[in-house]
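Q: Below, each chain spelled out in residue letters.
Protein chains: 2
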Amino acid sequence: MKEAALLQDSIEEAFREYIETWNHTAPHNLYRPVSYALAAGGKRLRPLLVLLGYQLFRDDVEKALPAAAAIEIFHNFTLLHDDIMDKADLRRGEPTVHQKFGENSAILSGDVMAFLSYRFLLKTLSEHTPKVVQLFSDTAVEVCEGQQYDMDFETRTDVSAPEYMEMIRLKTAVLLGCSLQTGALLAGAPEVSATRLYEAGISLGLAFQLRDDLLDTFGEEATFGKKIGGDITSNKKTFLLIRALEKANPAQRASLLDWMNRENFDREEKITAVRSLYEALEIKEETEAQIDRLHTTALSLLATLAVDPARRIPLETLCEGLIKRRF
Amino acid sequence: MKEAALLQDSIEEAFREYIETWNHTAPHNLYRPVSYALAAGGKRLRPLLVLLGYQLFRDDVEKALPAAAAIEIFHNFTLLHDDIMDKADLRRGEPTVHQKFGENSAILSGDVMAFLSYRFLLKTLSEHTPKVVQLFSDTAVEVCEGQQYDMDFETRTDVSAPEYMEMIRLKTAVLLGCSLQTGALLAGAPEVSATRLYEAGISLGLAFQLRDDLLDTFGEEATFGKKIGGDITSNKKTFLLIRALEKANPAQRASLLDWMNRENFDREEKITAVRSLYEALEIKEETEAQIDRLHTTALSLLATLAVDPARRIPLETLCEGLIKRRF
Numbered sequence: 001m002k003e004a005a006l007l008q009d010s011i012e013e014a015f016r017e018y019i020e021t022w023n024h025t026a027p028h029n030l031y032r033p034v035s036y037a038l039a040a041g042g043k044r045l046r047p048l049l050v051l052l053g054y055q056l057f058r059d060d061v062e063k064a065l066p067a068a069a070a071i072e073i074f075h076n077f078t079l080l081h082d083d084i085m086d087k088a089d090l091r092r093g094e095p096t097v098h099q100k101f102g103e104n105s106a107i108l109s110g111d112v113m114a115f116l117s118y119r120f121l122l123k124t125l126s127e128h129t130p131k132v133v134q135l136f137s138d139t140a141v142e143v144c145e146g147q148q149y150d151m152d153f154e155t156r157t158d159v160s161a162p163e164y165m166e167m168i169r170l171k172t173a174v175l176l177g178c179s180l181q182t183g184a185l186l187a188g189a190p191e192v193s194a195t196r197l198y199e200a201g202i203s204l205g206l207a208f209q210l211r212d213d214l215l216d217t218f219g220e221e222a223t224f225g226k227k228i229g230g231d232i233t234s235n236k237k238t239f240l241l242i243r244a245l246e247k248a249n250p251a252q253r254a255s256l257l258d259w260m261n262r263e264n265f266d267r268e269e270k271i272t273a274v275r276s277l278y279e280a281l282e283i284k285e286e287t288e289a290q291i292d293r294l295h296t297t298a299l300s301l302l303a304t305l306a307v308d309p310a311r312r313i314p315l316e317t318l319c320e321g322l323i324k325r326r327f
Numbered sequence: 001m002k003e004a005a006l007l008q009d010s011i012e013e014a015f016r017e018y019i020e021t022w023n024h025t026a027p028h029n030l031y032r033p034v035s036y037a038l039a040a041g042g043k044r045l046r047p048l049l050v051l052l053g054y055q056l057f058r059d060d061v062e063k064a065l066p067a068a069a070a071i072e073i074f075h076n077f078t079l080l081h082d083d084i085m086d087k088a089d090l091r092r093g094e095p096t097v098h099q100k101f102g103e104n105s106a107i108l109s110g111d112v113m114a115f116l117s118y119r120f121l122l123k124t125l126s127e128h129t130p131k132v133v134q135l136f137s138d139t140a141v142e143v144c145e146g147q148q149y150d151m152d153f154e155t156r157t158d159v160s161a162p163e164y165m166e167m168i169r170l171k172t173a174v175l176l177g178c179s180l181q182t183g184a185l186l187a188g189a190p191e192v193s194a195t196r197l198y199e200a201g202i203s204l205g206l207a208f209q210l211r212d213d214l215l216d217t218f219g220e221e222a223t224f225g226k227k228i229g230g231d232i233t234s235n236k237k238t239f240l241l242i243r244a245l246e247k248a249n250p251a252q253r254a255s256l257l258d259w260m261n262r263e264n265f266d267r268e269e270k271i272t273a274v275r276s277l278y279e280a281l282e283i284k285e286e287t288e289a290q291i292d293r294l295h296t297t298a299l300s301l302l303a304t305l306a307v308d309p310a311r312r313i314p315l316e317t318l319c320e321g322l323i324k325r326r327f
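Read top to bottom, the protein sequences are chains A and B. Note that the numbering used here has the first sequence beginning at 1, numbered continuously upward. Note that the numbering used here has the second sequence beginning at 1, numbered continuously upward.
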């Protein structure tokens, strides 16, 4: 059994090789943006979850590497297209693909990444292949649905907390669930274990996103790595804003809506004002409590797996790190 | 065994049902453009090829319907994204998806169609599933490559005829090959037959595209259904233009390049001038001869299949119709 750090090294090594290949694949205008997007790094969280899911049941974890890469390629495909839709200029501190190569490239190179991800998924054929491809396709459809709900929410002020949780389940959590379950399926895990891992991934993904929401408003700029308050200034419908709108008394609600409707405002002033409203409404505490509940759910699901408890440690440690992270 | 017209009815009936479902699937902003795109019709050529490929070997052709739909959904996904990239306003006489629903919708609804196509492909699971999914994914990657080459060609004047043939092989022909081979694989056809059908589809696809090129310049507006000469006015690198640039003497080449470089011109004057150059260079005759050769190749490949010759008739008739079509 390998520690997460060692698995991460294998993932990075694999990607260096793939990126080198794409750098020399024609048509270059199609494959160079693919290399560029995947060379930018990121947490490589999803491939790590595939390998950790696999390693719960088997040691020859290198067999799951292509499937792990598949999910990372798919994830980056969604980033390319989301960044066009969100008109985002930067991603991980670098120009986004559509900024650097143009929008048509970001569309088409994104498309080819979607299909390359299936190719990687099919690299290790086994009797589990149909189930893995089905799970992957269902997940991909849901991720698109999640992105659509997220865009739909932009023009609404009546989004409820359950609607928000369903949106982040689709947009973020199902892919983490899919990663863990794919690892388990490839390792030949019993059906019931694979399903529980999927559910654990959902809880992890929801907690991960709520942590993201919290950090964007209450994080420390020095450790978070990007400007604090972006969600507030852009009126993003986060868990925090939605719960604040739900819990606010009429005066607080009016103040919140007033800040949301202002076209001209001082950035810091708006952030401070909205944050004060959140504090008065105990939004931070509520969100932390929600994250704790999801963390507990994920750990209890992992605890029911019929595997040597020692095998669960790397995954439990990763969950803890992701959920409690400060960046 | 069923005639092509009957199979087309089954395809239309299936799509009516799918479209009805998508009309009632949330999030509506995601699925309504999917319905819209697929309700617009079109030739439904690719699903018909799947069914005809299947029917060469088996009669229970309804089993191949979901896979046939998969390829049509994939094809329409490529149209959504190509229309954004080409800034096309109309498709089959109706506003394109990005014109009607906005560019973000065309990107995201296109994406979900790509994954829906895999879901349809997986509806009929069998021992052939991994092979079918692999062929489909390889084909999808190639279609993206073809679209990239097509865009790359826009800014080049030195595209050779073999380069052009390779581009249309990727952009158009491989999906026809994939359609026929998918039908054959699902019917449990011998490997060698399935591969030959793929090759027949390639020849058919190349001939189909060359016919398209010819019709756009030499077709009759009344039967073709769209304005003649669009390729000439937009300097599209078609087989006709590429061969004309290759065959032209220095004076003819200078005249052709001059017309291509003019920013202000009378549409009809340019079409007449370029068409005269094509006529002087016998481009029409050469293209017709090339189409005939490809047609012959397709028919000889079909003739080698170890099936009752009567079973080949619907497919042979379709090929003939497509290759000799005037619209």
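There could be a bad hint or two in this list.
[Claimed, not checked] Just a few of them, taken from the derived set where beta-carbon distance is under 8 Å, the chain B residues facing chain A:
| hint | residue |
| --- | --- |
| 1 | Pro27 |
| 2 | Asn104 |
| 3 | Asp111 |
| 4 | Ala114 |
| 5 | Leu116 |
| 6 | Gln134 |
[As the list claims (entries may be wrong)] Using 27 Å as the maximum straight-line C-alpha spacing, the simulated DSSO-like pairs for lysine-lysine come out as follows:
| hint | chain 1 | residue 1 | chain 2 | residue 2 |
| --- | --- | --- | --- | --- |
| 7 | A | Lys63 | B | Lys131 |
| 8 | B | Lys87 | A | Lys100 |
| 9 | A | Lys131 | B | Lys63 |
| 10 | B | Lys100 | A | Lys87 |
| 11 | B | Lys123 | A | Lys123 |
| 12 | B | Lys227 | B | Lys270 |
| 13 | B | Lys131 | A | Lys123 |
| 14 | B | Lys226 | B | Lys284 |
| 15 | A | Lys131 | B | Lys270 |
| 16 | B | Lys226 | A | Lys87 |
| 17 | A | Lys63 | A | Lys100 |
| 18 | A | Lys131 | B | Lys123 |
Worth flagging that the hints you see were computed from the coordinates, not collected in a lab. For each residue, glycine too, the CB sits at the ideal point set by N, CA and C.
Q: Any CB of chain A closer than 8 Å to the CB of Ala114 (chain B)?
A: Holds: closest Cβ of chain A sits about 6 Å from Ala114 (chain B), inside 8 Å.
Q: Quick one, are Lys131 (chain B) and Lys123 (chain A) close enough, alpha carbons at most 27 Å?
A: 12 Å, holds
Q: Using 8 Å as the Cβ threshold, decide whether Pro27 (chain B) counts as touching chain A.
A: Check passed: Cβ of Pro27 (chain B) comes within 4 Å of chain A, closer than 8 Å.
Q: With a cut-off of 27 Å on the C-alpha distance, tell me whether Lys87 (chain B) and Lys100 (chain A) pass.
A: 20 Å, holds
Q: Lys100 (chain B) and Lys87 (chain A): Cα distance at most 27 Å?
A: 20 Å, holds
Q: Take the C-alpha atoms of Lys227 (chain B) and Lys270 (chain B), compute the straight-line distance between them, and say whether it is at most 27 Å.
A: 14 Å, holds
Q: Given the proposed pairing of Lys123 (chain B) with Lys123 (chain A), does the C-alpha separation stay at or below 27 Å?
A: 21 Å, holds
Q: Under 8 Å, Cβ to Cβ, is where Asp111 (chain B) needs to be relative to chain A, so tell me if that hint holds or is violated.
A: At about 5 Å, which falls below the 8 Å cut-off, the nearest Cβ of chain A leaves the hint on Asp111 (chain B) intact, so it holds.
Q: Holds or violated: are the alpha carbons of Lys131 (chain A) and Lys270 (chain B) at most 27 Å from each other?
A: 57 Å, violated
Q: Does the alpha-carbon distance linking Lys131 (chain A) and Lys123 (chain B) stay inside the 27 Å limit?
A: At roughly 12 Å apart (the allowed maximum being 27 Å), Lys123 (chain B) and Lys131 (chain A) satisfy the hint.
Q: With chain A as the partner, please determine if Asn104 (chain B) meets the hint condition of a C-beta pair closer than 8 Å.
A: Interface hint status for Asn104 (chain B): holds (4 Å vs cutoff 8 Å).
Q: Measuring from the C-beta of Gln134 (chain B) to each C-beta in chain A, is the shortest one below 8 Å?
A: Since chain A brings a Cβ to about 5 Å from Gln134 (chain B), closer than 8 Å, the hint holds.
Violated hints, in rising order: 15, 16, 17; the structure is consistent with all others.
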